[in-house]
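**Q** The primary structure of each chain is shown beneath.
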Amino acid sequence: MAHSGINVLFEGTNFARLMGGLWTAVWIAAISLIIGLALGTILGMLRTLHNRVIRFILLMYLEFFRIVPTVVLLFLAYYILPRQFNVNWPATWMAVLAFSLWVSAEFSDIVRGALESIPVHQRESGLALGLNQWQLFRYVLLPQAIRLELPATINLATRVIKTTSLLLMISIMDVINVGQQIIEANNQNYPTGVFWVYGLIFILYFIIDYPLSRWAKHLTAKQKY
Amino acid sequence: MNWTVIQQSLPEFAQGFKLTLWLSFVGIIGAIIVGIISSLSQYFRVPVVGKIVGAYVEIARNTPLLIQLFFLYYAFPVMGIKMAAQTCGIIGLIFLGGAYMAEGFTGGFNGVSKSQLDSGRALGMSDFQLARYIVFPQGFALSMPALAANIIFLIKETSIFSVIAIPELTNTALDLIGMYYQSNEYLFVLVVAYAIILIPLIVFLTWLERRVRYGTFGD
Chain A
1 MAHSGINVLF EGTNFARLMG GLWTAVWIAA ISLIIGLALG TILGMLRTLH NRVIRFILLM
61 YLEFFRIVPT VVLLFLAYYI LPRQFNVNWP ATWMAVLAFS LWVSAEFSDI VRGALESIPV
121 HQRESGLALG LNQWQLFRYV LLPQAIRLEL PATINLATRV IKTTSLLLMI SIMDVINVGQ
181 QIIEANNQNY PTGVFWVYGL IFILYFIIDY PLSRWAKHLT AKQKY
Chain B
1001 MNWTVIQQSL PEFAQGFKLT LWLSFVGIIG AIIVGIISSL SQYFRVPVVG KIVGAYVEIA
1061 RNTPLLIQLF FLYYAFPVMG IKMAAQTCGI IGLIFLGGAY MAEGFTGGFN GVSKSQLDSG
1121 RALGMSDFQL ARYIVFPQGF ALSMPALAAN IIFLIKETSI FSVIAIPELT NTALDLIGMY
1181 YQSNEYLFVL VVAYAIILIP LIVFLTWLER RVRYGTFGD
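Protein chains in written order, with the working numbering: chain A, 1 to 225; chain B, 1001 to 1219.
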């Protein structure tokens, strides 16, 4: 079998190229998560304040990202920023921007939920000790909140990784886009190549996301006791 | 923002709007059915089937819908299974959604207290009767929040159908942008269209969640 379909994966530099594409996707997910989690923590803290205006604005921010599908967010960043604001970043940065804002919105809600579920006496004890608002967040509330929000955060990370599959829509050379090129270039010699290339990408995503989701499930189960 | 451009695009967006609604509707109903069957088979530890369902849930939940669709649309024909794009879309959405729904229902069913089951068994109920009269009614109420979140999620996921050229909302917008390059206007209509579908639905589901909670047993 000179042309068994699976060999398409190992022809020339194909496998290395696919891995390179995967790296692009993982890299974008990682940067977006770092920025998004930092921003989301701040937004989440602001949402527990008593200022109604701030809370309303941040709620609207969250709802916007809840309503607009991620594909559309990517297009908004990709089309609107260059035309309207003359921002000509590479597509990769547009994706990082869209993902970061989306993550920050989702994470702000996770942080708010965690902060609000911390017993009131913790806050009151802190205040009684003379801690100011910042110290209260830094030493009393955040350390406890992080533990509570960890499973939801891991789940959010798996979603971000899965969402990197959409990067090809704004012509980023992610693993799927590379896969498409390989399939097209080898269509003559490997008519069944499409099966193996998409199959491999399918498995790659699973290999990354499955351990994470198992970990999140494990943590959730542990917290119940 | 050019309002004439927006106005002229409305008939096409109306088509996409209808298709998004229709595909979401079929996909969600299918996903709920698959989800209920899957989670009941896991709940009652049906031999073999329960294990297969467990694997299915993990596979479907941990891979992106886009690659599932590509697999259905591009790789299946190689194995001699050729389907229209919309069929692939619906199957993909049910495949993905069924697993999410199964997770949600399993969470709800597990929330039904064991003493309820023991009481049922003591009364001589069969597994089917336990499922029908005890686990399902209470578990369904408990899984309402997950169900609501999944419905919203699945409607948003239909935007990914645009990659296999199903002319739903997002695809319509992309087509129009490709033809006339009025990206601001078309993306604006697109966002508004999703808001029109999702905002009333979110309000309704939140209301429903509150209603159903009265029906839960205990706490």
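If you are wondering where the hints come from, they were derived from the structure by calculation, not from laboratory data. C-beta: ideal position from N, C-alpha, C; glycine also. Check each hint, because a few of them may be wrong.
[Stated by the list, open to error] Derived DSS-like pairs (lysine-lysine); straight-line CA-CA distance at most 30 Å: (1) B/LYS1051 - A/LYS217; (2) B/LYS1051 - A/LYS222; (3) A/LYS217 - B/LYS1082; (4) B/LYS1114 - B/LYS1018; (5) B/LYS1051 - B/LYS1114; (6) B/LYS1114 - A/LYS222; (7) B/LYS1051 - B/LYS1082.
[Said to hold, decoys possible] Estimated spans, in silico, between C-beta atoms of each pair: (8) B/MET1179 - A/GLN84: 15 to 25 Å; (9) A/LEU131 - B/GLN1007: 22 to 32 Å; (10) B/GLN1007 - A/PRO90: 42 to 52 Å; (11) B/TYR1133 - A/TYR139: 33 to 43 Å; (12) A/LYS217 - B/GLN1015: 49 to 59 Å; (13) B/PRO1047 - A/GLN188: 42 to 52 Å; (14) B/ILE1196 - A/ILE54: 25 to 35 Å; (15) B/GLY1050 - A/ILE118: 32 to 42 Å; (16) B/ILE1033 - A/TRP93: 37 to 47 Å; (17) B/ARG1210 - A/LYS217: 19 to 29 Å; (18) A/PRO143 - B/VAL1203: 12 to 22 Å; (19) A/LYS217 - B/ILE1052: 17 to 27 Å.
**Q** Work down the list of hints and note, for each, if the structure agrees.
**A** Now for the hints, and whether the structure bears them out:
1. A distance of roughly 18 Å separates the Cα atoms of B/LYS1051 and A/LYS217; the hinted pair therefore holds under the 30 Å criterion.
2. For the hint linking B/LYS1051 to A/LYS222, the alpha-carbon distance of about 23 Å falls within 30 Å, and the restraint holds.
3. The suggested pairing of A/LYS217 with B/LYS1082 is violated, with an alpha-carbon distance near 37 Å, which exceeds 30 Å.
4. With a CA separation close to 44 Å, the supplied pair B/LYS1114 and B/LYS1018 exceeds the 30 Å bound.
5. About 22 Å separates the Cα atoms of B/LYS1051 and B/LYS1114, which keeps this hinted pair within 30 Å; it holds.
6. The hinted pair formed by B/LYS1114 and A/LYS222 meets the criterion: a straight-line CA distance of about 20 Å does not exceed 30 Å.
7. A distance of roughly 29 Å separates the Cα atoms of B/LYS1051 and B/LYS1082; the hinted pair therefore holds under the 30 Å criterion.
8. Taken as a hint, the range 15 to 25 Å holds for the pair B/MET1179 and A/GLN84, whose Cβ atoms sit roughly 20 Å apart.
9. Separation of A/LEU131 from B/GLN1007 is about 58 Å and departs from the stated range, judged on CB atoms against 22 to 32 Å.
10. The hinted window of 42 to 52 Å between B/GLN1007 and A/PRO90 is violated, with their beta carbons roughly 35 Å apart.
11. Here the CB-CB span from B/TYR1133 to A/TYR139 is close to 52 Å, at odds with the stated 33 to 43 Å.
12. Between A/LYS217 and B/GLN1015 the CB atoms are about 41 Å apart, so this pair departs from the stated range of 49 to 59 Å.
13. A hinted range of 42 to 52 Å holds for the C-beta pair B/PRO1047 and A/GLN188, which are about 47 Å apart.
14. The hinted range of 25 to 35 Å is satisfied by B/ILE1196 and A/ILE54, whose Cβ atoms lie roughly 28 Å apart.
15. In this structure the hint that B/GLY1050 and A/ILE118 lie 32 to 42 Å apart at CB holds, the actual value being about 38 Å.
16. Separated by about 42 Å at the C-beta atoms, B/ILE1033 and A/TRP93 satisfy the suggested range of 37 to 47 Å.
17. One distance hint, 19 to 29 Å for the beta-carbon pair B/ARG1210 and A/LYS217, holds here, with the actual separation near 28 Å.
18. With their beta carbons about 36 Å apart, A/PRO143 and B/VAL1203 fall outside the hinted range of 12 to 22 Å.
19. Remark: the range hint 17 to 27 Å for A/LYS217 to B/ILE1052 is upheld by a beta-carbon distance near 19 Å.
Taken one by one, the earlier hints fail for this structure at numbers 3, 4, 9, 10, 11, 12, 18, listed in ascending order.
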